[in-house]
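Asker: Take a look at the letters that make up each chain.
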Amino acid sequence: MSSLSANDALIKRKSSYPWLFYLLPSIAIMLVFFIYPILLTFYYSFTNLALTGEAARELKFIGFENYARMFQDPTVRISIWNTLVFLIGSAVIGQQVLGFLIALLMKQRNRTFRRVIGTIVLAGWVTPEIVCALCLYSFFGDEGTLNAIIGFFGFSEVTWLFTVPMLTIILANIWHGTAFSMLVFQAALDDVPNEIEEAAVVDGASKWKIFTSIIIPYIKGTITTNMMLVTLQTLGVFGLIYAMTGGGPGNSTTTLPIFMYNQAFVNYQLGYGTAISLLLLLIGIVLSLLYIRSMKE
Amino acid sequence: MNAKQRKLVYRILPYAVLTGIGICFLLPLLWVLVASVDPNAMQSLKMPSRITGANYAEVITSSENQRAFLIGLIMSLGQAVLVVLLALLAAYPLSRYQMKYKKPFMLTILFMTSLPITAVMVPVYQLFLGLKLYDNIFGVILFYVASSMPYGIWMMKNFMDSVPNDLEEAAWVDGASVFTGIRKVVAPLMVPGICTVAIFTFSGSWGNFFVPYILLQSPEKFPASLKLYQFFGQYGMVEYGSLAAFSVLYAIPAIILYILSQQFMSKGFGLQGGTKG
Numbered sequence: 305m306s307s308l309s310a311n312d313a314l315i316k317r318k319s320s321y322p323w324l325f326y327l328l329p330s331i332a333i334m335l336v337f338f339i340y341p342i343l344l345t346f347y348y349s350f351t352n353l354a355l356t357g358e359a360a361r362e363l364k365f366i367g368f369e370n371y372a373r374m375f376q377d378p379t380v381r382i383s384i385w386n387t388l389v390f391l392i393g394s395a396v397i398g399q400q401v402l403g404f405l406i407a408l409l410m411k412q413r414n415r416t417f418r419r420v421i422g423t424i425v426l427a428g429w430v431t432p433e434i435v436c437a438l439c440l441y442s443f444f445g446d447e448g449t450l451n452a453i454i455g456f457f458g459f460s461e462v463t464w465l466f467t468v469p470m471l472t473i474i475l476a477n478i479w480h481g482t483a484f485s486m487l488v489f490q491a492a493l494d495d496v497p498n499e500i501e502e503a504a505v506v507d508g509a510s511k512w513k514i515f516t517s518i519i520i521p522y523i524k525g526t527i528t529t530n531m532m533l534v535t536l537q538t539l540g541v542f543g544l545i546y547a548m549t550g551g552g553p554g555n556s557t558t559t560l561p562i563f564m565y566n567q568a569f570v571n572y573q574l575g576y577g578t579a580i581s582l583l584l585l586l587i588g589i590v591l592s593l594l595y596i597r598s599m600k601e
Numbered sequence: 003m004n005a006k007q008r009k010l011v012y013r014i015l016p017y018a019v020l021t022g023i024g025i026c027f028l029l030p031l032l033w034v035l036v037a038s039v040d041p042n043a044m045q046s047l048k049m050p051s052r053i054t055g056a057n058y059a060e061v062i063t064s065s066e067n068q069r070a071f072l073i074g075l076i077m078s079l080g081q082a083v084l085v086v087l088l089a090l091l092a093a094y095p096l097s098r099y100q101m102k103y104k105k106p107f108m109l110t111i112l113f114m115t116s117l118p119i120t121a122v123m124v125p126v127y128q129l130f131l132g133l134k135l136y137d138n139i140f141g142v143i144l145f146y147v148a149s150s151m152p153y154g155i156w157m158m159k160n161f162m163d164s165v166p167n168d169l170e171e172a173a174w175v176d177g178a179s180v181f182t183g184i185r186k187v188v189a190p191l192m193v194p195g196i197c198t199v200a201i202f203t204f205s206g207s208w209g210n211f212f213v214p215y216i217l218l219q220s221p222e223k224f225p226a227s228l229k230l231y232q233f234f235g236q237y238g239m240v241e242y243g244s245l246a247a248f249s250v251l252y253a254i255p256a257i258i259l260y261i262l263s264q265q266f267m268s269k270g271f272g273l274q275g276g277t278k279g
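Protein chains in written order, with our numbering: chain F, 305 to 601; chain B, 3 to 279.
So that you can see chain F by itself, here it is in the shape it has in the complex (with noise of 0.2 angstroms):
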């Protein structure tokens, strides 16, 4: 009898409601408004597509032009730049090594201790970005909570959004991130069997010995796929730096979405803009074929 239903059931399965019913709702509304924008983004890149002028009354194909025009351009440079040391320095160097560090050191604490100090690094990463931003840029202000320490200590205050604005929103970035890494970390690090640990310790291995050849190839998944995701998220930050220094001073901040923006929106070269968003959507799309492949290993 029950094998009987079983296989009704199964033929239920299969004839009632094709899959197509479920898969159809989200698969358009992703078309629509995710995938169509990608491949527009193609499109409009070889065009003179702006908001005013002669250009957005009649839309024209021209090639490389955008592409050319990119390549010329010094700000491009600056902004490519820009990015990657944004990249490198809060992503890569900072949440990632700060989230391990963290981490690392929290293992085998005091509980209340690591709750205290984990429940304040998370505090920055639950908190929306503009708030961040407010934050960190009161923080940084001339006049300033940081100034203020160093003030008191007796050195002479630094006008940390003009003189070091790149460190500045990097050291932000890494305030509003590294939560993220922490926990993934803490978690990797939870799932390191404390007998292989302390079969090295019997074995008269040394703490440093034990991180380098226990610990870090133990969690070496962790740190690509973790390493992945913290750029991408990195790679599109936008709100943090254009509330913090709005790109400046001059072009010093300007990473490639502030450029992205600026000319989509500020210049109205939607088709420029495009080009260079196309440029952000290619790094993203690369880093996330490199994330999925660090998943499937």
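Hints were generated in silico from the structure; no laboratory data involved.
We treat Cβ as the ideally placed atom computed from N, Cα and C, and that holds for glycine.
One side of the interface only, derived from the structure: several residues of chain F facing chain B at Cβ under 8 angstroms:
no., residue
1, Leu327
2, Met334
3, Pro341
4, Ala427
5, Ala547
6, Pro561
Fit chain B to the known structure of chain F by using the hints.
Answerer: What follows is chain B alone, placed relative to chain F:
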């Protein structure tokens, strides 16, 4: 340094380093909290001469701010409901049926979860102009839904995989349709998963600044995130107290939801589940 001293240093050093890091993370946050109750708040962190609720009262009583919070709520809530419904439907065949292209489909979804949304904002803006959805709150919701569909489907499918088939099949034997089976059997067993997806989606758009900044134009349609930015630009140099109060009020929902999500995410936080295709 003898062995005993070295051991002591090894014990104390991690606490010292972590405390230092903790203080660095705490100071900017402490400022916003203290400034929000300080009648004479300044850019730097200081003890308030007295504590006041006036900054909060000023922010809360402004009808413009109320509207901004309401719009933010409508956007995030609308998006969360739509994403949960659509992702639940989409996850069903992906979790239950044998499908020929399931694996490439799931990989495409995973690929899409990691694309930076920032990179598509310029073409999305052009698309919205063409579709007459520009400066439309509902249009923003639609884009939010589309951009969070990939991870919604991905998470929902993984949650659904852990709901056993037997109960659902029993319902079918009792005469329930597949649809009723989802509604009455699968969905109730997935409440933690559904809540997690809803919370993730809600927080994502609640904290988002770039999307409404590009897709909206009229100040009366701005959600809380844009309102705060506007406020920041206009009065940033003077009104630190009310700016801080606004920030705290705006951050509270995100913080509460994060705490709630921890309750639902029984497995904690990790990258597990990612390899299941």
